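Residue numbers (the numbering used here), protein chains in the order written: chain A, 1113 to 1226; chain B, 5 to 118.
It cannot be assumed that every hint is accurate.
To be verified - Residues on chain A that point at chain B, a partial pick, calculated with CB under 10 Å:
1) Phe1146
2) Tyr1148
3) Thr1161
4) Ala1165
5) Phe1184
6) His1186
7) Ala1189
8) Lys1213
Unchecked claim - Subject to a maximum C-alpha distance of 30 Å in a straight line, what follows is the list of computed DSS-like cross-link-like pairs (lysine-lysine):
9) A/Lys1181 - A/Lys1191
10) A/Lys1191 - A/Lys1175
11) A/Lys1169 - A/Lys1154
12) B/Lys13 - A/Lys1180
13) A/Lys1191 - A/Lys1171
14) A/Lys1171 - A/Lys1181
15) A/Lys1154 - A/Lys1191
16) A/Lys1191 - B/Lys61
17) B/Lys13 - A/Lys1181
18) B/Lys61 - A/Lys1154
19) A/Lys1175 - A/Lys1154
20) B/Lys13 - B/Lys61
Calculated from the structure, these hints are not laboratory results. Since we're looking at a predicted model, the values are computed, not measured. The beta carbon of each residue, even a glycine, is placed where N, CA and C say it ideally should be.
Spelled out, the chains give:
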Amino acid sequence: EDQVTQSPEALRLQEGESSSLNCSYTVSGLRGLFWYRQDPGKGPEFLFTLYSAGEEKEKERLKATLTKKESFLHITAPKPEDSATYLCAVQAIKGGTSYGKLTFGQGTILTVHP
Amino acid sequence: DSGVTQTPKHLITATGQRVTLRCSPRSGDLSVYWYQQSLDQGLQFLIQYYNGEERAKGNILERFSAQQFPDLHSELNLSSLELGDSALYFCASSVGLAVWETQYFGPGTRLLVL
């Protein structure tokens, strides 16, 4: 069974204090790893998709990287508006069939203090 | 705004009742996914429809059913409701079936079963 583990569960940063969130995964055939941001009571907002080890993507203060076992979401000089829950999800191929199912981790709650 | 709409935003009902949640995908998207988010289970995949046909099933209870109509909107029916069914229910959509496609999430329906 596909498994996604995110750490830490919660992270408190001062504005401008860079850090990284971790997403470890176990999946038989990875087809994509997705990062989403979720604000309280809202739907997940898409950030990045990574498909192969070594791939990196950037958007403003966020940079996502992928290895064969984990992904990191690096946050550079965060601002209070970056406070949210960050979700990692994997999509797998099984038995030669691609399924749209996303398997999510429990998320990392990021709080950035001014 | 992802372009995915869900109604109603909030729903309060009693145990044993039946409710219907509605989702309209982004314009042009043929795939619709349903997810349940609870505090203890996180985001869990329920079911996927593509152009009116069921494509993949997750841990969806037998008391739950879904369908996708010719105009591509989808409905999730929850019956014989139990207290444990209280959760956020999200709908997501993507263009088709390709694994590299991003799933865009709606704002969710918050269900409270009393």
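Cross-check of the supplied hints:
The interface hint given for A/Phe1146 is met, as the beta carbon of that residue sits about 7 Å from the closest beta carbon of chain B, less than 10 Å. A hinted interface residue such as A/Tyr1148 counts as satisfied when its beta carbon comes closer than 10 Å to some beta carbon of chain B; here the least separation is about 8 Å, so the hint holds. For A/Thr1161, the interface hint holds, the least distance from its beta-carbon to any beta-carbon of chain B being 6 Å, beneath 10 Å. Taking 10 Å as the C-beta cut-off, the interface hint given for A/Ala1165 is violated, the closest approach to chain B being about 16 Å.
Hint on A/Phe1184 is violated. Least Cβ distance to chain B is approximately 20 Å, over the 10 Å limit. Using the Cβ-Cβ criterion of 10 Å, the hint placing A/His1186 at the interface with chain B is not satisfied: the shortest such distance is roughly 21 Å. Evaluation of the A/Ala1189 hint against chain B yields a violated restraint, the C-beta minimum of about 27 Å exceeding 10 Å. For A/Lys1213, the interface hint holds, the least distance from its beta-carbon to any beta-carbon of chain B being 4 Å, beneath 10 Å.
Between A/Lys1181 and A/Lys1191, the direct Cα distance comes to roughly 29 Å. Compliance with the 30 Å bound is thereby established for this hinted pair. Restraint check for A/Lys1191 and A/Lys1175: satisfied, since their Cα atoms lie roughly 15 Å apart, inside the 30 Å limit. With a C-alpha separation of about 24 Å, the suggested pair A/Lys1169 and A/Lys1154 falls inside the 30 Å cut-off, and the hint holds. Our distance criterion of 30 Å between C-alpha atoms is broken by B/Lys13 and A/Lys1180, whose separation comes to about 39 Å.
Taking the CA atoms of A/Lys1191 and A/Lys1171, the gap is near 14 Å; set against the 30 Å cutoff, the hint holds. Of the supplied pair hints, the one linking A/Lys1171 and A/Lys1181 holds, its CA atoms being roughly 22 Å apart against a limit of 30 Å. The suggested pairing of A/Lys1154 with A/Lys1191 holds, with an alpha-carbon distance near 20 Å, which does not exceed 30 Å. Proximity of A/Lys1191 to B/Lys61 is assessed by CA-CA distance (about 39 Å); at most 30 Å being required, the pair is judged violated.
Straight-line distance between C-alpha atoms of B/Lys13 and A/Lys1181 comes to about 37 Å, which puts the hinted pair past the 30 Å bound. The suggested pairing of B/Lys61 with A/Lys1154 holds, with an alpha-carbon distance near 24 Å, which does not exceed 30 Å. With a CA separation close to 23 Å, the supplied pair A/Lys1175 and A/Lys1154 stays within the 30 Å bound. Taking the CA atoms of B/Lys13 and B/Lys61, the gap is near 24 Å; set against the 30 Å cutoff, the hint holds.
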